[in-house]
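All chains, please: the whole structure from these sequences, using the hints.
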Amino acid sequence: MTELKKKFEVIAKKYEREVESLMPFLQDIQEEFHYLPEESLKEVAQRLAIPLNRVFSVATFYNAFSLKPKGKYVIQVCMGTACHIKGAPLLLEEISSLLGVREGGTTEDRLFSVETVRCLGCCSLAPVININGNAYGNLSPEKIGSIINEYKR
Amino acid sequence: MSIKDNVITKKVMSKEDLDTLKEEGKNRIFPDSLKIAVQMATCGRASGADKIYNFIQNEVKDKDIILENAGCLGLCQLEPMVNVFIPGFNPVVYSNVSTDTLKKFIPSWISGTYIKENILGQLGREYYEELDIRLKSPPGIKKITENGFFKKQKKIVLRNSGFINPFQITEYIARGGYYSLLNVLNNFTSEDVIEEILKSGLRGRGGGGFPTGVKWKYCRAAHGSPKYVICNADEGDPGAYMDRAVLEGDPFSILEGMTIGAYAIGSSEGYIYVRSEYPLAVGTLRNTISEARRHGLLGENIFGSDFSFDIKINRGGGAFVCGESTALMASIEGKVGEPRVKHIHTVEAGLREKPTVLNNVETWANVPKIITKGYEEYVKIGTEGSKGTKVFSLVGNISNNGLVEIPMGIKLREMIFDIGGGIPNGKKFKAVQTGGPSGGCIPENHLDMSVDFDELTKVGSMMGSGGMIVMDENTCMVDVARYFLSFLVEESCGKCTPCREGTYQLYKILERITKGDGQEGDIELLEELSEMIKDASLCALGKTAPNPVLSTIRYFRDEYEKHIKDKKCPAGVCKALFEYRIIENKCTACGLCKKHCPQNAIEGEKNVPHRIVQERCTKCGICYSVCKFDAIEKV
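Chains S and D, in that order, are what the protein sequence lines are.
Taking the numbering used here, I'd label the letters of the first sequence as residues 1160 to 1312.
Taking the numbering used here, I'd label the letters of the second sequence as residues 123 to 757.
Bear in mind the hints are in silico, worked out from the structure with no lab data behind them.
Chain S regions said to be covered by chain D (calculated; three or more residues, Cβ under 8 Å): (1) 1179-1189; (2) 1279-1289; (3) 1292-1304.
DMTMM-like, lysine to aspartate or glutamate: derived pairs with alpha carbons at most 20 Å apart: (4) D/K697 - S/E1262; (5) D/K550 - D/D570; (6) D/K434 - S/E1179; (7) D/K656 - D/D644; (8) D/K476 - S/E1179; (9) S/K1227 - S/E1197; (10) D/K756 - S/E1252; (11) D/K756 - S/E1301; (12) D/K687 - D/D639; (13) S/K1231 - S/D1187; (14) D/K476 - S/E1177; (15) D/K173 - S/E1309; (16) D/K690 - D/D639; (17) D/K716 - S/E1301; (18) D/K434 - S/D1187; (19) D/K756 - D/E595; (20) D/K457 - S/E1175; (21) D/K717 - S/E1301; (22) D/K717 - S/E1252; (23) D/K265 - D/E251; (24) D/K457 - S/E1202; (25) D/K457 - S/E1179; (26) D/K434 - S/E1175; (27) D/K476 - D/E455.
Quantities reported herein were computed from a predicted structural model and do not represent experimental measurements.
A virtual CB, placed ideally from N, CA and C, is assigned to each residue, including glycine.
Here it is in structure tokens:
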């Protein structure tokens, strides 16, 4: 059995064969692989006995799911209201220009993905970015370079 | 050193059992040794609370000192914060602590003294009013309630947040927790509970403001079984994080509220639908549920009665529309989160077509407190139509950023200038945005209005879930409207055409205006389109989507006109409509801007005022933010 398949089996054991398992099932796969591999969607459909198009529609409706593999480090730029008025768009531009990728993209070396999120709930520290669970607050464009460099090492 | 917890084998069956746990909780909160509690909610961690915790852990390893964690006290901007409990004295809160300052502080705390730096204040009697203890007030340290940020607040929902350890059920019990549930199970019929909530005047804190007691009453009367109880913890409004604070700081209060609600409507199954963007909250909730079960306060035969109730956690999928009740229920059912028409209300046919009561986190957290003190006490707080308190996240261009809980009816001006400390950097107030993407922007001439459900609606905004984003003169209101519409276009589920296509067209027009391509008649077109979307959309997301546009047109029409007619953005936000320029007589030719410019768009020699080459400038604003002499202007 491949590594991927083994990990999938561990997750699959937790879920009953019912429609309501779909969301948490996909969420666990997303958490484990950082995206939803095509093969896994077919497996999920079969195991829960629901049509593949239903699985696909849920997988593409919710922002939390991604059908494309992501970089090792996912940079989330918070686009909440407080962050917006305190300059989040400028942060995003700076990050994109430093890494050479647009929002939603991944660098060629698969090190960084850049995405926006609706609100991280750290509004008092706006503007905020989050890299693999580590939040950085009170940012401005000139502070971005050194943060990204920490992850390049 | 850590506190040894009594792993009980016996479930809580009586008041005596609860009293025993209360005593245990009291000894946890106020132990006989020095205790340091680090505030470790998400905001604290983002400010370095993890590092602080690890540092203290290392420092106190071999000493008789207890290290704990707590949630968030509300003044997130001054984190990391620690609460210091020296036996016999009121706890003292230190803000903005660092490993360097802690090196000094810890030895002084061990010797029983307080270094008077970084002190926010001491927590007084209101933090142990249920407990039979007397504590002295440390000399020379002000009560936290004398601090301007806390002075006008009234803490009901946030009374434990930032104080107790959210992972310890006994600490919640020590603060009076679970006595309401016990009282309900022993002395109340279901109808009594509903009556109590009805009389309290509690209205839904998620934004709708529907009377909670009425909702429960209808659901109790509805035919069908089983009945469900849901907690909406899908706090999606950007700029709002009140529920996160409760989930991370006082989660047992939500469980107790839901359990009381379940008893009232006759339900044995509950769900908490929580945002996946709040991983810490999800983790905290999991512990909360297993602890409550372990103590017999959730699950079969609660308190040994014949009432059983259990709760499951569902993680959200990052879809804003799932904050809408029918979309949320669809999501729990494993479907795409699309709302449905509510000809039949969810109290009659909700989750799985069964009668369902859905309330948000803050509403549930209010319930045990109403029962504790009785509705008579609760109705003393607030205004005629809006009883109790409301938690707001007061953020944006404001001096004190944080979470505030105010009695309904307080003036908007008091919130922004007394609690919030006004606008920083000498800037002028421009507007305050409430109600998230469904709300609106309120200008200065309405600052003397009082904050409650009905008043906010009158001025074209709404209470919403509690986001309150303050904007200064450097905020462009057209850009704010464009921002909210871009949000709504993304988050519209696409089921109904008025919302899907209408918000997109609103967005396109606003984008055009901010890019300098606005046309005569655009404002009227925005208004007309807005009315259509309001009338014809299926759910509240669409019906309220035009609010950010309509309220900014209503109060800031001249700003729209300047964008359209003069092709100028007075606030200097819309990139196509302004330029950065260096003011010659202010420029000292220090070269800082030139050094930082990523586009090499700044030219100039030593001692010669610098110049921006407009063709190369991408308007990233770095020069503007690094200049120490205010020598760069937007024109």
